[in-house]
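S.K.: In my numbering, the protein residues as written are 207 to 784.
Hints were generated in silico from the structure; no laboratory data involved.
Do not rely on the hints blindly, as some may be mistaken.
To be verified - In silico DSS-like pairs for lysine-lysine, Cα to Cα no more than 25 Å straight-line: (1) 482 to 270; (2) 406 to 298; (3) 693 to 638; (4) 655 to 701; (5) 429 to 448; (6) 555 to 590; (7) 638 to 681.
As the list claims (entries may be wrong) - Computed spacing ranges between beta-carbons, pair by pair: (8) 683 to 407: 22 to 32 Å; (9) 769 to 300: 23 to 33 Å; (10) 333 to 683: 45 to 55 Å; (11) 712 to 444: 17 to 27 Å; (12) 610 to 630: 29 to 39 Å; (13) 714 to 628: 35 to 45 Å; (14) 595 to 536: 35 to 45 Å; (15) 317 to 515: 32 to 42 Å; (16) 711 to 595: 36 to 46 Å; (17) 379 to 400: 22 to 32 Å.
We treat Cβ as the ideally placed atom computed from N, Cα and C, and that holds for glycine.
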Amino acid sequence: MPSASCDTVLEDIEDIVTQEDSKPQDRHFTRKHVVPKVRNRNTQKYLQEEDSPPSDSTIPGIQKIWIRTWGCSHNNSDGEYMAGQLAAYGYKITEKASDADLWLLNSCTVKNPAEDHFRNSIKKAQEENKKVVLAGCVPQAQPRQDYLKGLSIIGVQQIDRVVEVVEETIKGHSVRLLGQKKDNGKRLGGARLDLPKIRKNPLIEIISINTGCLNACTYCKTKHARGNLASYPIDELVDRAKQSFQEGVCEIWLTSEDTGAYGRDIGTSLPALLWKLVEVIPEGAMLRLGMTNPPYILEHLEEMAKILNHPRVYAFLHIPVQSASDTVLMEMKREYCVADFKRVVDFLKEKVPGITVATDIICGFPGETDQDFQETVKLVEEYKFPSLFINQFYPRPGTPAAKMEQIPAQVKKQRTKDLSRVFHSYNPYDHKIGERQQVLVTEESFDSKFYVAHNRFYEQVLVPKNPSFMGKMVKVDIYESGKHFMKGQPVSDAKVYTPSITKPLAKGEVSGLTEEFINRCGNHLSSLSHTSAAIQRDSVSSRTVLLMQRLQEECILKISVGLALLALLFAFFVKVYN
């Protein structure tokens with residue numbers, strides 16, 4: 207506006223021509239000319255700014271996403287589903303955190319250290335100016351924690367909407383989806399099982415058969431996140447297994463917070479599900495059953511023994527005991543006694559010869575006496591569990607156990623060390639040296655020196671890295687054993703058995719791209735491809751247009767200032783000479 211320009215120019219002139227000058231003529235003759243100073247504009251600066259477009263012009267669907275998951279196999283399955291959906295919509299899943307535009311952090315709330323890692327990762331992402339989306343049990347259980355403020359959250363039952371949350375986060379918005387899946391008021395197991403996913407291991411499919419549980423353990427924070435028991439229908443689980451085998455999977459893991467409770471909310475049972483699943487397992491493929499608490503497996507011992515003897519089911523069961531003291535178990539509200547646990551283990555060992563029973567123990571639960579702890583030590587010495595998960599007790603915020611009188615930290619640490627010492631005092635596999643076993647090869651060892659296989663009892667067997675073994679059944683002779691593994695030499699004249707299933711997907715390839723899902727996101731994918739191509743094509747021209755616009759604005763400003771000065775000088779001369 208001219209008036210604005212004149213006002214601005216007058217202020218500039220008043221800085222030079224002040225009212226202290228008594229005679230205009232003196233000012234005129236002492237200053238032969240006045241040169242207005244126009245602020246220089248740095249046009250290069252505008253070009254640099256254009257390289258970083260404002261957030262509302264960011265195009266979702268073309269960014270790189272880094273996904274980090276902590277915790278159980280259920281959480282890992284959720285992470286695979288989220289990765290699959292994002293990749294199907296056009297995002298690139300990267301294994302390098304530094305390359306990513308957004309970090310998707312999938313958390314675990316079981317123990318303090320896991321949450322500490324999660325919190326530290328959030329802080330690091332913010333320091334590196336990464337967009338962040340949070341998932342898993344920590345934000346679901348306590349979304350109002352200070353360090354979660356202003357951040358996007360995807361709830362454990364809302365993983366089918368991860369694309370929406372990521373898109374909005376990339377645009378600079380904060381989104382929180384924490385609701386429960388319901389059908390006519392009845393809580394469902396969670397997101398659909400036929401969603402796209404990227405398996406961390408293309409040979410292994412993790413299927414969550416239910417979410418939540420029927421217990422109310424006083425130490426458990428997961429209950430706050432996963433809630434009460436909600437099971438998937440048998441037909442949906444069987445269909446998911448079929449689809450997995452059609453994509454080259456040779457091993458299925460069934461997982462949940464308590465597999466033994468499966469079906470109690472929908473009028474069925476775990477054995478009913480397992481008998482349906484074994485009907486669709488191809489020869490050479492295997493099924494591994496997840497964790498089950500003692501109270502619910504007690505009802506199905508006979509049927510479970512028959513299933514665990516099936517040639518396509520690993521003779522393996524994870525049954526957490528947590529403590530061998532009935533007093534402590536009562537304070538934990540575990541709903542069983544030590545005798546119940548022993549009955550389950552003894553029965554299965556008798557009916558399923560060689561079965562592997564894994565268990566968990568918590569050291570230093572509030573109120574645990576030295577005598578209570580010694581009972582737990584005796585249980586380990588008696589059963590010599592080949593797989594034992596020893597955990598120091600951590601009080602989780604909001605749980606009843608956190609309000610109980612705590613055992614000193616040094617006592618908890620010492621008991622954890624003492625029990626670990628007992629566990630490492632025996633070698634569970636020494637007697638198997640010289641045996642000939644058939645093993646299924648599914649992955650590479652952490653040190654990359656061997657392939658990892660498992661025998662009938664889900665015991666780890668390391669075999670030579672022969673690419674032809676991967677995903678196959680191989681006969682080996684056991685020649686060495688360690689605390690957690692055996693080493694096997696392939697039998698020279700034995701045939702490498704190929705399961706009667708298709709070739710597995712490539713690592714990072716998206717599975718489960720059904721026609722329905724493709725149709726649902728087809729328009730989105732099409733628009734993304736056109737937009738992505740247009741971005742590079744239009745980037746130079748857009749910067750040129752912006753530069754021309756700003757140069758034009760600069761010229762107009764200069765002309766306005768010049769004309770205003772001329773008008774003032776003309777008025778000045780008229781006044782002087784009149």
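S.K.: Give a verdict on every hint.
M.R.: Now the hints, each set against the structure:
no. : hint                   : result
1   : 482 to 270             : 40 Å, violated
2   : 406 to 298             : 15 Å, holds
3   : 693 to 638             : 10 Å, holds
4   : 655 to 701             : 23 Å, holds
5   : 429 to 448             : 30 Å, violated
6   : 555 to 590             : 13 Å, holds
7   : 638 to 681             : 14 Å, holds
8   : 683 to 407: 22 to 32 Å : 26 Å, holds
9   : 769 to 300: 23 to 33 Å : 56 Å, violated
10  : 333 to 683: 45 to 55 Å : 53 Å, holds
11  : 712 to 444: 17 to 27 Å : 26 Å, holds
12  : 610 to 630: 29 to 39 Å : 30 Å, holds
13  : 714 to 628: 35 to 45 Å : 42 Å, holds
14  : 595 to 536: 35 to 45 Å : 22 Å, violated
15  : 317 to 515: 32 to 42 Å : 35 Å, holds
16  : 711 to 595: 36 to 46 Å : 31 Å, violated
17  : 379 to 400: 22 to 32 Å : 29 Å, holds
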